[in-house]
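These protein sequence lines map, in sequence, to chains A and B.
Counting in our numbering, the first sequence runs from 108 upward without gaps.
Counting in our numbering, the second sequence runs from 291 upward without gaps.
By construction, these hints were calculated from the structure, which means they are not laboratory data.
Just to be clear, a hint being listed does not mean it is correct.
[Unchecked claim] Partner residues aside, some chain A positions facing chain B, computed with beta carbon under 7 Å:
id: 1; residue: P133
id: 2; residue: V136
id: 3; residue: P137
id: 4; residue: G142
id: 5; residue: P162
id: 6; residue: G211
id: 7; residue: G260
id: 8; residue: Y262
[To be verified] Covered stretches of chain B (chain A as the covering partner; in silico rule of three or more C-beta atoms under 8 Å from a C-beta of chain A):
id: 9; segment: 371-381
id: 10; segment: 439-447
Owing to the predicted nature of the structure, the values given are computational and were not obtained by experimental measurement.
Heads up, the beta-carbon is just placed ideally off N, CA and C, and yes, glycines get one too.
The lines below spell out each chain.
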Amino acid sequence: MNRYYWILGAFAALVVLLAVGLNLNPRDVPSPLVGKPAPAFRLAVLNQPGQTMGPEDMKGKVWLLNVWASWCVSCREEHPVLVEFSRRGSGTPVVGLNYKELRGDGAIDMRRVPAEQEVPLALERANGWLQAHGDPYLLTVMDIDGRVGIDYGVYGVPETYVIDKNGIIRMKHTGPVSPQVLGEKILPLVAELNK
Amino acid sequence: MKLFSCFIFLLGLLSGPVFATATNEAAVADDPVAEKRLQELSKELRCLVCQNETIAGSNAELAVDLRREIRGMIRDGRSDNEILDFMVSRYGDFVLYRPPVKGITILLWAGPIALLLIGLLVMRSYLKRRNSRVASNSPLSAEETRRAEALLKEIEDK
Numbered sequence: 108m109n110r111y112y113w114i115l116g117a118f119a120a121l122v123v124l125l126a127v128g129l130n131l132n133p134r135d136v137p138s139p140l141v142g143k144p145a146p147a148f149r150l151a152v153l154n155q156p157g158q159t160m161g162p163e164d165m166k167g168k169v170w171l172l173n174v175w176a177s178w179c180v181s182c183r184e185e186h187p188v189l190v191e192f193s194r195r196g197s198g199t200p201v202v203g204l205n206y207k208e209l210r211g212d213g214a215i216d217m218r219r220v221p222a223e224q225e226v227p228l229a230l231e232r233a234n235g236w237l238q239a240h241g242d243p244y245l246l247t248v249m250d251i252d253g254r255v256g257i258d259y260g261v262y263g264v265p266e267t268y269v270i271d272k273n274g275i276i277r278m279k280h281t282g283p284v285s286p287q288v289l290g291e292k293i294l295p296l297v298a299e300l301n302k
Numbered sequence: 291m292k293l294f295s296c297f298i299f300l301l302g303l304l305s306g307p308v309f310a311t312a313t314n315e316a317a318v319a320d321d322p323v324a325e326k327r328l329q330e331l332s333k334e335l336r337c338l339v340c341q342n343e344t345i346a347g348s349n350a351e352l353a354v355d356l357r358r359e360i361r362g363m364i365r366d367g368r369s370d371n372e373i374l375d376f377m378v379s380r381y382g383d384f385v386l387y388r389p390p391v392k393g394i395t396i397l398l399w400a401g402p403i404a405l406l407l408i409g410l411l412v413m414r415s416y417l418k419r420r421n422s423r424v425a426s427n428s429p430l431s432a433e434e435t436r437r438a439e440a441l442l443k444e445i446e447d448k
């Protein structure tokens, strides 16, 4: 009899292990960048010709960096959350990082896009998207070739980074920001960092 | 996101061969030694978009970008370790197909060995118990001996 309890116990342990393991989100890969300085960049600002922006411009502020693209389906899901967030006037700036506006779009054959037209086309598309869905961003910078995305370890758009006053990344969220994620994870952290 | 990944995956299936020849051939022509290094390195790296593929085997956008990045670093004369460090500092240990042995990965590396040891211990204790049970069995009683002999005799008689 004793032996059957053993087997039952081992089986229950296996069930628990699998239940936990299979319910983990395999996309939640911990970012090694948390606790490190936000990688530097200098990128062109959307709608402000000649202007560039980098993380050092935000020194002294707690801010969010939100990676988005018009081809990104999940971005449509999170966008109203961000628009609502900026409309409430929380005072926390959100900078948009437009990630591979053209090159990331699987529907576009880049061999058919003339090199000199890539940037204007990308700007036009990014703009059109913000006009259609609302613009919650302080400003948006254009990562045309995705190099900055690589520095930030971007692998699934949308992604959102919380960066503190000293330019240190404090949190990374992969996937759409839901009202729960915003209210329960991001905002408490921002409030604490603002203290 | 899931739907989108599936779509990209399907797209990848459809367009795979086209991309593969387009991205690989040009570079092979450039420098076969560098290309060999690129292949070796990208076999060590996981594509984070399609997590069970290496960067070498994947045609996801990100894998193509990372191969381009590695190619650039090889051209700049960076060592293999520098290139792997570059990836780990951005994507974490998860990007390595052979993650380093350290606190958080100890279960991953030692787990199978631990399970084997547990199995051996269980087997040993089971065999021990069985042996002692067989050994401790009392010899046949007089009645049993008589019956056994009777049965044996019966067979011989046949």
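Results of checking the hints against the structure:
| no. | hint | verdict |
| --- | --- | --- |
| 1 | P133 | holds (6 Å) |
| 2 | V136 | holds (5 Å) |
| 3 | P137 | holds (6 Å) |
| 4 | G142 | violated (12 Å) |
| 5 | P162 | violated (15 Å) |
| 6 | G211 | holds (6 Å) |
| 7 | G260 | holds (4 Å) |
| 8 | Y262 | holds (4 Å) |
| 9 | 371-381 | holds (count 4) |
| 10 | 439-447 | violated (count 0) |
Of the numbered hints listed earlier, those contradicted by the structure are 4, 5 and 10.
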